[in-house]
Amino acid sequence: MIRSEILREIAPILNPHLVVCNIGLPSQELHMIDDNERNFYMLGTMGLSSSIGFGLALAQDKPVISIDGDGSVLTNLGTLPTIANNATGNYTLLIIDNGSYGSTGDQPTYAGQKTNLTDVARACGCDTVIEVQDKDLGPVLQSAIDSDEMTIIVCKCDSGNIKLPVITLDPVVIRHRFMEAVKA
Amino acid sequence: MNIDKKICDDLVANDISFVTTVPCKQLAGVIEEVENRDEIFHIPSNKEDEGMGLCAGAFMGGKRSAIIMQNTAIGVTINTLATLTQFYRMPLPMIISYRGELREPVACQVEMAVHTKALLAQMHIPTYHFHWQDDVKEFDNILKYTFMCNKPVAILTDANFWGGYGDQ
Chain A
1 MIRSEILREI APILNPHLVV CNIGLPSQEL HMIDDNERNF YMLGTMGLSS SIGFGLALAQ
61 DKPVISIDGD GSVLTNLGTL PTIANNATGN YTLLIIDNGS YGSTGDQPTY AGQKTNLTDV
121 ARACGCDTVI EVQDKDLGPV LQSAIDSDEM TIIVCKCDSG NIKLPVITLD PVVIRHRFME
181 AVKA
Chain B
1001 MNIDKKICDD LVANDISFVT TVPCKQLAGV IEEVENRDEI FHIPSNKEDE GMGLCAGAFM
1061 GGKRSAIIMQ NTAIGVTINT LATLTQFYRM PLPMIISYRG ELREPVACQV EMAVHTKALL
1121 AQMHIPTYHF HWQDDVKEFD NILKYTFMCN KPVAILTDAN FWGGYGDQ
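Residue numbers (this note's numbering), protein chains in the order written: chain A, 1 to 184; chain B, 1001 to 1168.
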């Protein structure tokens, strides 16, 4: 499965919850599949989906899922120790690991080579790290959201992209409606 | 006047309850004070752009946030300031130790100091410079201004403000 197929499959699981989605194609795909006010689309700032979602999870009690990619996690690897050492049970970090920088033309990442993000997350001190194959993600994600344990999911999948338009929503609109959803 | 305490008093008075820090020798006292305050959740960051991401999330979660860092961080965070904090119009007080200014003992710090105000000006970030301890009296107004205009705002605090480096 490629990322867009995974997002289509887990969209009903994500739908009731606050989701912070990674820059580029992941946000564009989620926007196309299930646009709603509980999604925060990142239009810039590669690497910070994990940090933004984690800050949000620390600030309030609702479940938060950060959707990240292997390339973006590598960009902001230093946040994994921060997350591990300040764990909060309402936070799930979903790393869609296709071994490539999808939005920029599928250049290979080191996560697709010798670097194992599951091991990295564990070495950073994250207590619950689950590596899962794409087709098995749904139930793993659901139980991570339902549990009181902060969970890092590394979902191994194929690289590949679909063609779709950029998000033209104004960033302040994205932020405002998201904050209203947080308060709701 | 204890400036570490005054800064934290003003943070709390302005309902700032989420503070991330990246350490600097000059900031050790205020970071310790932040850590000791029950009203503030203190989360150290490994890098300043990560910290701005945490603050953005906390702000959207309903908590006023602030970052404490060194001015070298301006070189690290230009993209985050432009494409996250400014693009989504989020308030962010940035309490910045202004290394490389008067009474600085480390020459390399001057290399970023000479760019700091120019970079902040280029980013159209409102910038205040605390040189004398009395300047801290403006801090409360600066925090109110930050949350009025929903912008990142820089408060540069130099070695003279913090009382120098002693025998270093």
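The reader is advised that the hints may include incorrect statements.
[Stated by the list, open to error] Chain A regions said to be covered by chain B (calculated; three or more residues, Cβ under 8 angstroms):
id, segment
1, 50 to 56
2, 72 to 79
3, 172 to 180
[Said to hold, decoys possible] Pairs of lysine-lysine, DSS-like flavour, derived with a Cα cap of 25 angstroms:
id, chain 1, residue 1, chain 2, residue 2
4, B, K1144, B, K1117
5, B, K1117, B, K1137
6, A, K183, B, K1137
7, B, K1151, A, K183
8, B, K1137, B, K1025
9, A, K163, A, K183
The hints are simulated quantities; they were obtained by calculation from the structure and are not laboratory data.
In this text, a Cβ means the ideal position worked out from N, Cα and C, and glycines have one as well.
Taking each numbered hint in turn, which are not upheld by the structure, reported in ascending numerical order?
The structure breaks hints 6 and 9; every other hint is satisfied.
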